[in-house]
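Chains as they are written, first to last, in this note's numbering: chain A, 8 to 386; chain B, 3 to 303; chain C, 41 to 333; chain D, 3 to 275; chain E, 3 to 275.
Check each hint, because a few of them may be wrong.
[As the list claims (entries may be wrong)] A few chain A positions that, by computed beta-carbon distances, are all more than 12 Å from chain B:
id	residue
1	Gly122
2	Ala195
3	Thr328
[Claimed, not checked] DEER-style ranges, computed between Cβ atoms:
id	chain 1	residue 1	chain 2	residue 2	range
4	B	Glu246	A	Val153	52 to 58 Å
5	C	Trp63	B	Asp36	49 to 55 Å
6	B	Lys127	C	Gly133	47 to 53 Å
7	A	Ala368	B	Lys127	51 to 57 Å
8	A	Thr89	B	Lys277	25 to 31 Å
9	C	Ala281	A	Ala368	53 to 59 Å
10	C	Thr123	A	Gln29	33 to 39 Å
11	D	Ala128	C	Gly133	50 to 56 Å
12	E	Thr241	D	Thr77	52 to 58 Å
13	B	Pro136	C	Ala72	41 to 47 Å
14	C	Ala72	A	Met277	55 to 61 Å
15	B	Glu246	A	Ala183	40 to 46 Å
Just so you know, the hints here were simulated from the structure itself, not pulled from any lab data. Glycine included, every Cβ here is placed at the ideal spot set by N, Cα and C.
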Amino acid sequence: MMRALSWQSLVAVLLLLAALFQLPLANVPIAMTAPAVAWTTLILVYGFLLAGIGADTFMRSRLWRGIVLFLCAHLATVFLFTLISDENGLARPGFYVVLAACWLLAWRCVEILSGLQPRSRAGRIILALIIPAIFGAWILIIWEAVTRGLGIPFILLPPPSAVFTKLIFSLSVIAADVNQTIFKAVLAGYLMGCASGFVAAILADRFPFMRRGLLPIGNLVSALPMIGIAPIMVMWFGFDWQSKAAVVVIMTFFPMLVNTVAGLAVTSTMERDLMRTYAAGYWQTLFKLRLPAAGPFVFNALKINSTLALIGAIVAEFFGTPVVGMGFRISTEVGRMNVDMVWAEIAVAAIIGSLFYGGVALVERAVTFWHPSFRNGKA
Amino acid sequence: ADEVTLQLKWVTQSQFAGYYVAEEKGFYDEENLDVTIKPGGPDIAPEQVIAGGGADVIVDWMAPALAARDKGVKLINIAQPYQKSGLEMICPKDGPVKTEADFKGKTLGVWFFGNEYPFYGWMNKLGLSTEGGPDGVTVLKQSFDVQPLVQKQADCISVMTYNEYWQAIDAGFKAEDLLVFNYTQLGNDMLEDGLYVMEDKLSDAAFKDKMARFVKASMKGWKYAMENPDEAAEIVVDAGGQDENHQKRMMGEVAKLLGDASGKLDPAAYERTAKLVVDQKIVSKAPEGGYTTEIFDAASK
Amino acid sequence: MSEARGNRIIPVLVMLIAIVAIWYAGTYFMNAPFQRDLDRRAGVTRSSGDLFIATMTQPKPTLPAPHQVATNFFENTFLRKITSNRSLIYHAGVTLSSTLLGFVIGTVLGILIAVGIVHFTSLDRSLMPWIIASQTIPILALAPMIIVVLAAVNLTGLLPKALISTYLSFFPVAVGMVKGLRSPEIINLDLMHTYHASKAQTFWKLRLPASVPFLFASMKVAIAASLVGAIVGELPTGAVAGIGSKLLAGSYYSQTIDMFAALVAGSLVAVLLVTAVDVVGAIVQRRMGARPS
Amino acid sequence: MDMQASQPSHATVSAPSVISAAGLGLTFQTNDGPVRALSDVNLTINKGEFVSFIGPSGCGKTTFLRVIADLEQPTDGTISINGMSPREARERRAYGYVFQAAALYPWRTIEKNVALPLEIMGFSDAEKRERIARTLALVNLTGFEKKFPWQLSGGMQQRASIARALSFDADLLLMDEPFGALDEIVRDHLNEQLLQLWARTEKTICFVTHSIPEAVYLSTRIVVMSPRPGRVTDVIESTLPRERPLDIRETPEFLAIAARVRDGLRAGHSYDD
Amino acid sequence: MDMQASQPSHATVSAPSVISAAGLGLTFQTNDGPVRALSDVNLTINKGEFVSFIGPSGCGKTTFLRVIADLEQPTDGTISINGMSPREARERRAYGYVFQAAALYPWRTIEKNVALPLEIMGFSDAEKRERIARTLALVNLTGFEKKFPWQLSGGMQQRASIARALSFDADLLLMDEPFGALDEIVRDHLNEQLLQLWARTEKTICFVTHSIPEAVYLSTRIVVMSPRPGRVTDVIESTLPRERPLDIRETPEFLAIAARVRDGLRAGHSYDD
Ligand SMILES: Nc1ncnc2c1ncn2[C@@H]1O[C@H](COP(=O)(O)OP(=O)(O)OP(=O)(O)O)[C@@H](O)[C@H]1O
Ligand SMILES: Nc1ncnc2c1ncn2[C@@H]1O[C@H](COP(=O)(O)OP(=O)(O)OP(=O)(O)O)[C@@H](O)[C@H]1O
Ligand SMILES: Cc1ncc(C[n+]2csc(CCO)c2C)c(N)n1
Ligand SMILES: [Mg+2]
Ligand SMILES: [Mg+2]
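All chains should be built: construct the whole structure from the sequences, respecting the hints.
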């Protein structure tokens, strides 16, 4: 049974037709002599894409349509890339036109998958992972295609494949850098900064005079470019991770202070009056009412801080370090033209940062499960 | 006029006085050149800038230029205004380091970003590990100033004869308080500020001609700066250099590094630098064709 | 009324005085060791009072004393021509321009992303994780390379710096606006549905007005982030003007007093910008009938 | 109880049917499994009727109104509004809906809130002005045009939301507990006004309420519902005259109907709600 | 109307007075100037009484309860609770307060919510368990101990909040429209239960409501209030027996009292809100 052609499929068909007038898709590298290989590849690419379009148009099951589209679009992409296996800018315009068709089908696939509503928990989790993964993969695919296809100088922007290779072969160096930057500076600074911000917030709450004095200042300072103090911290706390931790402490302290104080104020008059009718003391009210209610705000600060801490520590390493650390590696390897190493470190930073954030978010979900934002569908 | 963009390795200071003088004094105009001078900074890699097409010619040290060449950015030296190296390591005399033999177990400040090669060459020669520990040296990535010395965070730090050395003096160290290890005197020097272009562009005769005129005018600027250091420093300050006294002093020191101020590259110096680069495994294979005398020859006609 | 204001100002003043006092104490303890070294080398011996004064007057102190910073700040703001390279106002102006440009682009981008996310499920489910991941990339570490790469495609001047601001400021706006555009309750959306309103009508008449408080709240965060981006964008990129370049120039020569004065200038710009967004937000919301609090 | 099937379906009535549901059912799919919110509802409502829906919490009153308004899709049976599908009816703006909460937009003044549907439906400026003035007068809010919702009491807000639903003059009004949040006196007053409006305009009104006296006072027909699954357990025709002063509520006839409604309600009630 | 002054003050009654207010007034200072929420309230409530407060929105019912509970400070006159100041009474945990909204803490299960006052007042674990079980049974919520508030219907939440107020067995119960959100049937049921509880335990109850039948059905005395400024306009003694089956509401005696309350209410009412 045929339904209306999705616009992505329609445009993909048009692009595939257009590309036929642009053959060949890529210049053949001098080393390779068999044009037959290129032809076979071309036929495979077209075959997969047309199969995908067919599935999109004629298949009934949403799930299967999504799966077939996923396979077709990405297999076509893989074969398409074999045409530019060299890194010297072999791609011709037709290459990008066909790539655009692949991308449209991937988009269509994401759209179909987004519409799925799996019953099982496992299904939902898989879907929640796979949809963004496709999106992320296409950022990398396009990056790869542009750098390799156009022959962008390696030291300006390396293709992701080179970055990945570098990452795999430099794991020991990267592990040492991660240990220095994340496990020493970030973790220590994050814990100290968040804890002291939290304690300061409680003090500010307990002593209204302090609150009225500290809060405007805290609000102000949390808007300041705290990164500017990195060189000063290096001056004060030395070259090792302590100075980076100090930067992290300062960067994370104020968001935690401001958020916690705001969180302690969210309880409604009625909730507080209830405590009053029990003649509850300050600390009872704090622990039984106001802190639990402040939970979402505290977690908000923990999440903001998880990204701030990483950035703070890495940038602080620009201003003097021992010869290990992610920031050190990034700034040094640029100077050595090892740009692939730079991107490998950045990728690792982003992965760790996302895991960090995701971890905090999971704990948040477990601790503040009662908050309306998590409640949907639990009733 | 023909346009030329020059990317410096560092911020505007007397280290680059020749180019600013040539611009200010109209030497570039005389050669029918319209030169844009882009200052650098601590994390600007001139090699990246030229690879991205952001400059026609760059000031760079030889070792990082050869490293970039190894990575596929075919840089080629067309002139070498600095014939000597200005790199030193200084230690306070009241500290623990008295001779090279005392380095073991100490902490040394080093500049990275492509400036670390002479240091590693030296340590290599001394047979000292740079991984720390009692039998090696602990290396610090040093910031742009002499604070590590003031704060006693390092036992010795890197300085340039023309710049950071004088900051140490300004900070209250007397010359006689300081122990100086000069890379040139120890025979560990590598070539510093030279002019580099992309090799493939040299196949264009017009470009070659333009560069010849550029080198000619630049060296004229350098000569003028050498002869009139105070005026040169003022020109630098007008162009954005900080602290007039400091720039004057710097100009005086820079003059000592220019040699005959001809801008001629000494092939022997090149070979020595190239060998060091290979020894340290900075490059994967021995550099070839990292310089050309063609431009210099055309310029000196 | 004036009593209430006094109630608000006095605690802040007391806190500020406390901070300054701690600062002075810090100045003494941070600067004393080097002063003693200096004196030892120079063969001078000082009384402790003398030493205290000496730590307050070093030309390149580890920690400058508050009055040193204040004097420097005053001289470089009020006693210099605004066009002078030494005027902090000039540098603040340079930073401000790229901050604002980046902020405007970031805000527009953030809003567009949010609109896309709210209207297309596929965008919602594929983009959101990456927006969060994007902020874990230490963009500041990449700033120099970004500027070089942009120069390679002929983007130079204000825009590259502003783009770093953009990168930092689009995030809070996007997240806040997604929340804001989704803030109308189901009942309000159902009302639109009963009128058979189009998506565009629902957007303009319901979602957008409902999101205004969220927009301003996130713009406050965004403009602060934007300023950080502009300053750090100037730090390592050979910029010759701006608060960041002033900080850097100070650090080449250990001119800590200059650095602190530049930091103070940056802080004032931050306060100014955040307050401005706040005031505009209050005016807009008042116009929209928000209940005065 | 199968009385609803036997009712107005043998349609000798001359008035055309506005709503007719046959075997209507709706099951919500939730995490804990399906929830049967409506089950086998057969009901015909004719033009000009005033029908109240009463029943314990969760019996599907709101859901039924939402199905009529095309805000929910039935899973069984059929329903038609003026002979069209609910969707077509909605697209032709066949009804005005008053929600339980006022749902005024806080950034719009009262007059702008009333103007909202008019803007969306593309009325001319002049007509907008005229309709706003007219409907605000109808609900006794003249003089409050420029106020923002929070400057009005709850009762006034509720009246503004009724004005908004009336402004574009749909023939069918769906009202979901519109007076739930008001005190008895204000409620009495609004009840009177609503009756007058209905008598004057010949609109068809579907009205959800929790209050037995209110249902009896207002309606020509009272539909009693019961939960789990939501179904119609009784349909009571009112024998009261169309003209109803407030003190009709103390007449034995009124109390008799009220008692019947109460019995019907109690029968279908479980205390655990 | 000055009748309240003449009432239980000529105290020949044997029961001791639990609440006694004399010349009580409260003025809120707001941005638009002072709001007189309570004015010259004279009222004595004796042990074991069930007193309802009724009156239009904004007449000060909640405010009066809050003054008793020491949640607001009166600006004029005096009030004493069991002979103490409200503050002392509060610190001795003399009363249980049921707010208009349930105000359950969403991060606590129902049983933990009921345990909250017990934790604060330092009851032993065994006693906590026993009291929780007993009061939850009383409001018919046995089996829902481990649920979170949002997993319960509005009526169940309201009952949980009543259980919470009952758990520590204060002699005085202050209830601010506790059944406002419930449908008539559930409300009837809870009314019956409340009456039984009251009869059994000899508590004193102050009860705010908008519903005339509810007030008449429950109370030994009905206080009618009127706004601007909030004052007591009528105090009606109920002549109904303490034993009250639900159908007492159809007796002429009941209707007569209800009519009197309605008249009292209407007198003090303005239609504009
Ligand atoms: N979106 C939904 N998803 C799942 N279940 C729903 C949804 N909406 C309503 N229900 C369920 O359908 C049933 C009927 O709900 P409905 O709102 O129609 O009741 P109601 O009669 O209006 O009750 P009330 O008097 O409390 O307003 C209830 O059990 C309710 O929990
Ligand atoms: N905190 C406050 N500040 C200023 N005015 C207040 C405050 N609380 C109540 N009021 C005013 O005091 C008056 C009495 O309010 P109260 O809440 O006691 O009324 P109520 O009889 O309980 O009304 P309702 O039936 O609507 O609950 C109202 O006019 C109200 O606006
Ligand atoms: C981060 C950083 N990298 C390199 C240098 C070294 N450097 C390059 S050019 C030049 C001459 C200016 O003094 C110097 C010292 C530095 N100082 N800081
Ligand atoms: Mg409902
Ligand atoms: Mg009240």
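Consistency of the hints with the structure:
1. Gly122: About 43 Å separates Gly122(A) from the closest Cβ of chain B, which puts it past 12 Å; holds.
2. Ala195: The assertion about Ala195(A) holds, with a minimum of 19 Å to chain B.
3. Thr328: violated, 5 Å
4. Glu246(B) to Val153(A): 52 to 58 Å: violated, 48 Å
5. Trp63(C) to Asp36(B): 49 to 55 Å: holds, 50 Å
6. Lys127(B) to Gly133(C): 47 to 53 Å: holds, 51 Å
7. Ala368(A) to Lys127(B): 51 to 57 Å: holds, 53 Å
8. Thr89(A) to Lys277(B): 25 to 31 Å: violated, 41 Å
9. Ala281(C) to Ala368(A): 53 to 59 Å: Between Ala281(C) and Ala368(A), where Cβ atoms are some 41 Å apart, the hint is violated.
10. Thr123(C) to Gln29(A): 33 to 39 Å: Roughly 55 Å apart at Cβ, these two residues miss the hinted range, so it is violated.
11. Ala128(D) to Gly133(C): 50 to 56 Å: Holds - the Cβ-Cβ distance for Ala128(D) and Gly133(C), about 51 Å, lies within 50 to 56 Å.
12. Thr241(E) to Thr77(D): 52 to 58 Å: holds, 54 Å
13. Pro136(B) to Ala72(C): 41 to 47 Å: violated, 32 Å
14. Ala72(C) to Met277(A): 55 to 61 Å: holds, 56 Å
15. Glu246(B) to Ala183(A): 40 to 46 Å: holds, 45 Å
Consistency with the previously given hints fails for numbers 3, 4, 8, 9, 10 and 13, ordered from lowest to highest.
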